[in-house]
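Student: Based on the provided sequences and hints, a complete structural model is requested.
Protein chains in written order, with the numbering used here: chain A, 362 to 418; chain B, 13 to 416.
Just so you know, these hints were derived from the structure itself, not from any lab.
Errors might be hidden in some of the hints.
[Said to hold, decoys possible] Examples of chain A residues toward chain B, derived with CB under 8 Å:
no.: 1; residue: I363
no.: 2; residue: I367
no.: 3; residue: Y374
no.: 4; residue: V377
no.: 5; residue: A378
no.: 6; residue: Y392
no.: 7; residue: I395
Glycine is no exception: its CB is placed at the ideal position from the N, C-alpha and C atoms.
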Amino acid sequence: MISQYIFVALTVYLMVAVISLAVAFLIKSIYVGIKLQGSLKLRSAQLRMSKASLQSR
Amino acid sequence: MFDFNVLSLFQGISTLVAAETSIAIARIVLIALGIALVYLGAKNTLDPLLMIPMGFGMASVNAAVLFLSAGETGTIFIDPMITETSQLMNILQIDFLQPIYTFTFSNGLIACFIFMGIGVITEIGYVLARPFSSMFIAICAELGTVATFPVALLLGLNYGEAASVAMIGGADGPMVLYTSLILAKDLFVPITIVAYLYLSLAYGGYPYLVKLLVPKRLRGIKMDLTKIPTVTKGEKITFSIVACVVLSLLFPVAAPLFMSFFLGVAIREVGLKEYISFIEGPLLYGSTFFLGLLLGVLCEANTIMNPKVTVLLVLGIFSLLLSAIGGIIGGYIMYYISKGEFNPVIGIAGVSCIPTTAKVAQKAVAEANPYAIVLPYAIGASISGVITSAIIAGIFVTLIPLIK
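Tutor: In structure tokens:
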């Protein structure tokens, strides 16, 4: 009986650890994704500006 | 001539005289405990926001017992055990705190209000900046929750009760309330009371535990705040909605709490001043006040004299103590991984209880080294603690009915 209780507790802990780390990974991915999108937007804005300045010459 | 007893004029005293000895003693002890809570709250030894209304409620409800119909005793404060709809309708018109209990407490709404308030005062950027270290510490700080579960089973509680009392180790009051409401409806009143009582004690007791487990030299380690990357408002808003949806998809049972928390975060980041001042002021403080008052009023001797309460008291302190030790072990592991750059005191903040444990960590560090600031890292660990507590609550609520 005791071993069954401990097994259930350890299973729960393992599940918590795996899911929490997956959530941490998700947080990191979202963060990196948002940053990447931000830098892409910035880069495309820079390209548009340089193109516009070239055309004006 | 009619038979007249002077005591019958003062029903609080006559019910005390007429009660069984154990109930009478319990009433007197609970009145004394209520007064003690008000005193300790007023002295700031315990959290005054919760303890002062709780102490008042506890002292007055145990004094104000009267004879109801058919010689039964009770109060006109609240009846938490009511189940019949017709009885409930009657009680709603008599017991003055029953509407707040029925419509906000027993369905978990008050917990959602508090989570919304916590969201509004929380800087989520710290979690976004260092998610893995924060989450690792929070996982370690769930040690008490996981270890208490089998111990509670061995002490004779069923799976639902064991899971609910184990949740005290997550140090997250609303989450304990929520889990016990679903898994241990009969014991949810004493479990929630024990949880909030101990959470307040954590505020006073954890600093001593930190001093005991972490030497002054390590407590004074300065953290490099320049390593925290800047997170823009847009990033935080995007994160709050995505995280809310994903976590709700994974754990629908905890979705009301996730939604409340991340809605609070989004409102803060968008800068909706009217909502912010409403949520962080009247809503958060109003909910905390009524939560404290209701918890105090629920400590009526007849309700609390459940034989399982002693077991809950022991398991509650065991759970919180182990979680704190687990958190500090996590802090030490991070200290060794970072080759001495990480302050192990931050581990205590993994025990959720946002923002109390983060403040405890900063206070302990500042006492050892006034120039050391760990609050941003501690807040990150604390928020992660909320997330891991929600995850473990979701697992328990999903898993326990399958085991039964």
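Student: For the restraint on A:A378, tell me whether the closest CB of chain B is nearer than 8 Å.
Tutor: Cβ of A:A378 sits 5 Å from chain B, so the hint holds.
Student: Tell me if A:V377 is really an interface residue toward chain B, meaning its C-beta lies closer than 8 Å to one of theirs.
Tutor: Since chain B brings a Cβ to about 5 Å from A:V377, closer than 8 Å, the hint holds.
Student: Holds or violated: the hint that A:Y392 contacts chain B, with Cβ atoms closer than 8 Å.
Tutor: holds (5 Å)
Student: Hint A:Y374 vs chain B: min CB-CB distance below 8 Å?
Tutor: Result: holds, 4 Å to nearest chain B Cβ.
Student: How about A:I367: closest beta carbon in chain B under 8 Å, or not?
Tutor: Since chain B brings a Cβ to about 5 Å from A:I367, closer than 8 Å, the hint holds.
Student: Next item in the hint list is A:I395. Is there a CB on chain B closer than 8 Å to its CB?
Tutor: This interface hint holds because 4 Å falls under the 8 Å limit.
Student: How about A:I363: closest beta carbon in chain B under 8 Å, or not?
Tutor: Holds: closest Cβ of chain B sits about 7 Å from A:I363, inside 8 Å.
Of the numbered hints given earlier, the model fails none.
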